[in-house]
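These protein sequences, in sequence, are chains A and B.
Heads up, my numbering is the position in the first sequence plus 129, with the first residue counted as 1.
Heads up, my numbering is the position in the second sequence plus 2, with the first residue counted as 1.
Worth double-checking, as some hints may not be accurate.
Claimed, not checked - Once the Cα atoms are required to be at most 25 angstroms apart in a straight line, the calculated SDA-like pairs of lysine to any residue come out as:
no. : chain 1 : residue 1 : chain 2 : residue 2
1   : B       : 44        : A       : 258
2   : B       : 44        : A       : 202
3   : A       : 132       : B       : 186
4   : A       : 132       : B       : 200
5   : B       : 11        : A       : 154
6   : B       : 63        : B       : 117
7   : B       : 11        : A       : 309
8   : A       : 238       : B       : 200
9   : A       : 132       : B       : 117
10  : A       : 132       : B       : 106
11  : B       : 63        : B       : 139
12  : B       : 44        : A       : 206
13  : A       : 207       : A       : 260
14  : A       : 207       : B       : 90
15  : A       : 207       : B       : 40
16  : B       : 11        : A       : 135
17  : A       : 238       : A       : 182
18  : B       : 11        : A       : 168
19  : B       : 44        : A       : 253
20  : B       : 44        : A       : 204
21  : B       : 44        : A       : 319
22  : A       : 238       : A       : 154
23  : A       : 238       : B       : 139
24  : B       : 11        : A       : 260
25  : B       : 44        : B       : 67
26  : B       : 11        : A       : 253
27  : B       : 44        : B       : 117
28  : B       : 63        : B       : 40
29  : B       : 11        : A       : 301
30  : B       : 11        : A       : 182
31  : B       : 11        : A       : 319
32  : B       : 44        : A       : 136
33  : A       : 168       : B       : 196
Unchecked claim - Some chain A residues well away from chain B (every beta-carbon gap over 10 angstroms; in silico):
no. : residue
34  : 130
35  : 131
36  : 168
37  : 174
38  : 180
39  : 196
40  : 214
No wet-lab data here; the hints were simulated from the structure.
Every value quoted in this text rests on a predicted model; they were computed, and no experiment measured them.
Built from N, CA and C at the ideal position, the CB exists for glycine as well.
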Amino acid sequence: MYKTLRSVHLLLASACLPFLVLYGLSAVQMAHGSWFTMKPSVRDSALSLPPGLTDARVVAAEVTRRAPAARGELTGIKAGADDLTLRLVLPGTVHEVRYQRTSGETRLKTSVGGTMAMLNRLHHAAGLWHEPLALRLWGWVVGVVSAALMVTGATGIWMWFARRSERRLGAVLLLLNLVVAIGLLVMMRLEGP
Amino acid sequence: MRLRALVLKVHIYAGLLTFTQVMIYGVAGLVATLQPGLERPKVARAVRYMPFTVALSASDKEVAAAVYARLAPPLARPVPDWFLRRTADNDLLLDFYNVNGIWRVVVLESSHQLRIEEIRNRLGYFLSDIHAATPNDAGAPRLVRLWGLYNEAAMWCLLGFCASGLYLWLSAAGRERWAWGCLASGSAVLAALWMAFR
Chain A
130 MYKTLRSVHL LLASACLPFL VLYGLSAVQM AHGSWFTMKP SVRDSALSLP
180 PGLTDARVVA AEVTRRAPAA RGELTGIKAG ADDLTLRLVL PGTVHEVRYQ
230 RTSGETRLKT SVGGTMAMLN RLHHAAGLWH EPLALRLWGW VVGVVSAALM
280 VTGATGIWMW FARRSERRLG AVLLLLNLVV AIGLLVMMRL EGP
Chain B
3 MRLRALVLKV HIYAGLLTFT QVMIYGVAGL VATLQPGLER PKVARAVRYM
53 PFTVALSASD KEVAAAVYAR LAPPLARPVP DWFLRRTADN DLLLDFYNVN
103 GIWRVVVLES SHQLRIEEIR NRLGYFLSDI HAATPNDAGA PRLVRLWGLY
153 NEAAMWCLLG FCASGLYLWL SAAGRERWAW GCLASGSAVL AALWMAFR
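The shape of chain A in the complex, shown without the other chains:
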C-alpha cells in the first residue's frame, strides 16, 4: 500500500510540478508586487475595416482576419455614437480595438506582458466557459492540476502516518494546522452576511 501511495504521490507531483511552480511564483508576485516590474510592451497599429459595422463580433473577426496575431476572447465592448471599442484578450496579451463606424478606420493597441505578467494572468485564467480553445484547454488543465494537488496532499498525509517515527510530532503539527486554519476560517465565515 505504502509503495503504491508513494508512486501516486510522486507521479502526480511530477506531472503537476511545472504548474505548481507557476502558481507558486505568481503567488509571490501577487503578494509582493513591488519586487517585480510588470510594465507591458505596447505597440500601436492602424487597420482599415469596412465602414458601417455595428456588431462587435464582426469587427473582432475582421481585425483578426487582417492582423492574425490580434486574437483572443472578446470582452469590454463599448458602443459610442460613432465608434466601437472592444478588447481581445489572451493571458498576458491584450489587444484594444477602436473602430470608427463612418470611416472604418481602426486603431489597434497591443499590450504584451513579460514573463511575470504572463504567470500572473495564467494564475487567474480558469473555467470551461471560454470561447478560445486554448483557454478552454487551460481550464481543463487547471481542474486536473487542482484535483491532483488534493490527491497529492492526501497521499502525503497517508504516507506520513505510515512512518511511525514521525507520527507523534507530525500529529502535533497537523493538529496545530487544523485548529488554527479551520478556526480562522470558521471565525471569518461566522461574520456574515
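Once you've looked at the hints, dock chain B against the given chain A.
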C-alpha cells in the same frame, strides 16, 4: 543526519503544517474550473429594512460613510468613492464586500430607510476568495490579515515542496522512471499552452 533525511523531515513537517491551505488551493482551482462564467451568481438570501435619515446637504460620499458607520459590516471596508452608484430609481447603492459576500444597501431617502440585501457566497467561493489573501493589505481586517500571514507561509511552502520533492525524487535509490515521463508530459502541456497564448 544525512541531507536527504533532513530534507524529507522538513518536507513532511511543512506539509502537515500547511495541509489545510494546500487543500484550499485545490478547492479554489476546482471552484474556478466549475464556475459557469466570469460573473458569480449574486442571490440575496435575506432582505431587511432599517430606519435611516440622510443628513441635510450631505454628499454621496458622506452618506456612504454614515451608512458604513451605522451598519459597521464585519470584515468589510467603506465603499470607495469610485464605486458609489445609483439604482434605476436614482437611489444611492452601496456594496460592502467581504470574504463571505456582499451587503447591498440601497439608501431610500424618501422613506428614510436602508434596504439591506445579504448576498452570501457559497462555501466554495468563500474558500476561493480566501486562498488569495495576503498579509500585505494594510487596510484588511485583522482576522483576514492573520489568515493572510498563514497563507503566505503556505505559499512559500508550496514552492519549497516543489524544490524538496524534486530533490527527494532525484536522490532516491530506486528512482521511478515513470516520473520522468510525467514531468516531461506536464512540462510539454504547459509549454504548448504558453506558446498558444503568445
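To see whether the hints hold, each was checked on the structure:
Annotation: proposed proximity of residue 44/B to residue 258/A holds, straight-line Cα distance about 18 angstroms (limit 25 angstroms). Annotation: proposed proximity of residue 44/B to residue 202/A holds, straight-line Cα distance about 24 angstroms (limit 25 angstroms). The suggested pairing of residue 132/A with residue 186/B holds, with an alpha-carbon distance near 22 angstroms, which does not exceed 25 angstroms. For a cut-off of 25 angstroms, the pair hint linking residue 132/A to residue 200/B is broken: about 41 angstroms separates their Cα positions.
This hinted pair checks out: residue 11/B and residue 154/A have alpha carbons roughly 24 angstroms apart, not beyond 25 angstroms. Between residue 63/B and residue 117/B, the direct Cα distance comes to roughly 18 angstroms. Compliance with the 25 angstroms bound is thereby established for this hinted pair. With a C-alpha separation of about 22 angstroms, the suggested pairing of residue 11/B with residue 309/A holds against the 25 angstroms cut-off. Simply put, residue 238/A and residue 200/B have alpha-carbon atoms about 16 angstroms apart, close enough for the 25 angstroms limit, and the pair holds.
Restraint check: the Cα-Cα separation between residue 132/A and residue 117/B comes to about 60 angstroms, which exceeds 25 angstroms; the hinted pair is violated. Taken as a hint, the residue 132/A and residue 106/B pair is broken in the structure, with Cα atoms around 53 angstroms apart against an allowance of 25 angstroms. Pair hint residue 63/B plus residue 139/B holds up; C-alpha atoms about 23 angstroms apart against a cutoff of 25 angstroms. Of the pairs offered as hints, the one joining residue 44/B and residue 206/A holds, with about 23 angstroms between alpha carbons and a cut-off of 25 angstroms not exceeded.
Proposed proximity of residue 207/A and residue 260/A is supported: the alpha carbons are some 19 angstroms apart, at most 25 angstroms. Restraint check: the Cα-Cα separation between residue 207/A and residue 90/B comes to about 20 angstroms, which is no more than 25 angstroms; the hinted pair holds. The suggested pairing of residue 207/A with residue 40/B holds, with an alpha-carbon distance near 18 angstroms, which does not exceed 25 angstroms. The suggested pairing of residue 11/B with residue 135/A holds, with an alpha-carbon distance near 15 angstroms, which does not exceed 25 angstroms.
A threshold of 25 angstroms between alpha carbons decides the hint, and for residue 238/A with residue 182/A the separation of about 20 angstroms falls inside it, so the pair holds. Between the alpha carbons of residue 11/B and residue 168/A the distance comes to roughly 41 angstroms, so the proposed pair goes past 25 angstroms and is violated. With a CA separation close to 21 angstroms, the supplied pair residue 44/B and residue 253/A stays within the 25 angstroms bound. At roughly 21 angstroms between alpha-carbon atoms, residue 44/B and residue 204/A fall within 25 angstroms of each other, so this suggested pair holds.
Only pairs whose Cα atoms come within 25 angstroms are accepted, and residue 44/B paired with residue 319/A is accepted, the gap being roughly 19 angstroms. The hinted pair formed by residue 238/A and residue 154/A fails the criterion: a straight-line CA distance of about 28 angstroms is larger than 25 angstroms. Proposed proximity of residue 238/A and residue 139/B is contradicted: the alpha carbons are some 32 angstroms apart, above 25 angstroms. Proximity of residue 11/B to residue 260/A is assessed by CA-CA distance (about 45 angstroms); at most 25 angstroms being required, the pair is judged violated.
With a C-alpha separation of about 24 angstroms, the suggested pairing of residue 44/B with residue 67/B holds against the 25 angstroms cut-off. Distance check on the hinted pair: residue 11/B and residue 253/A sit about 33 angstroms apart at the alpha-carbon level, beyond 25 angstroms; violated. The hinted pair formed by residue 44/B and residue 117/B meets the criterion: a straight-line CA distance of about 16 angstroms does not exceed 25 angstroms. With a C-alpha separation of about 29 angstroms, the suggested pair residue 63/B and residue 40/B falls outside the 25 angstroms cut-off, and the hint is violated.
At roughly 14 angstroms between alpha-carbon atoms, residue 11/B and residue 301/A fall within 25 angstroms of each other, so this suggested pair holds. Note on residue 11/B and residue 182/A: the hinted pairing is violated, with a Cα-Cα distance of about 65 angstroms set against a maximum of 25 angstroms. Taking the CA atoms of residue 11/B and residue 319/A, the gap is about 36 angstroms. The hint is violated against a cut of 25 angstroms. Between residue 44/B and residue 136/A the alpha-carbon distance is near 43 angstroms, which puts this suggested pair outside the 25 angstroms criterion.
With a C-alpha separation of about 19 angstroms, the suggested pair residue 168/A and residue 196/B falls inside the 25 angstroms cut-off, and the hint holds. Annotated as non-interface, residue 130/A keeps its C-beta farther than 10 angstroms from every C-beta of chain B; the closest such distance is 16 angstroms. With a least beta-carbon separation of about 14 angstroms from chain B, residue 131/A lies farther than 10 angstroms from that chain, consistent with its non-interface assignment. Every Cβ of chain B is farther than 10 angstroms from the Cβ of residue 168/A; the closest lies at roughly 18 angstroms, confirming the non-interface assignment.
Listed as outside the interface, residue 174/A is consistent with that label: its C-beta sits roughly 18 angstroms from the nearest C-beta of chain B, beyond the 10 angstroms cut-off. At the 10 angstroms boundary, the C-beta of residue 180/A stays outside the reach of chain B, the nearest C-beta of that chain being 31 angstroms off. With a closest Cβ-Cβ approach of about 15 angstroms to chain B, residue 196/A is found to remain outside the 10 angstroms limit, as its non-interface label requires. The beta carbon of residue 214/A is kept farther than 10 angstroms from every beta carbon of chain B, the shortest such distance being approximately 18 angstroms.
Hint check: violations occur at hints 4, 9, 10, 18, 22, 23, 24, 26, 28, 30, 31 and 32; the rest are consistent with the structure.
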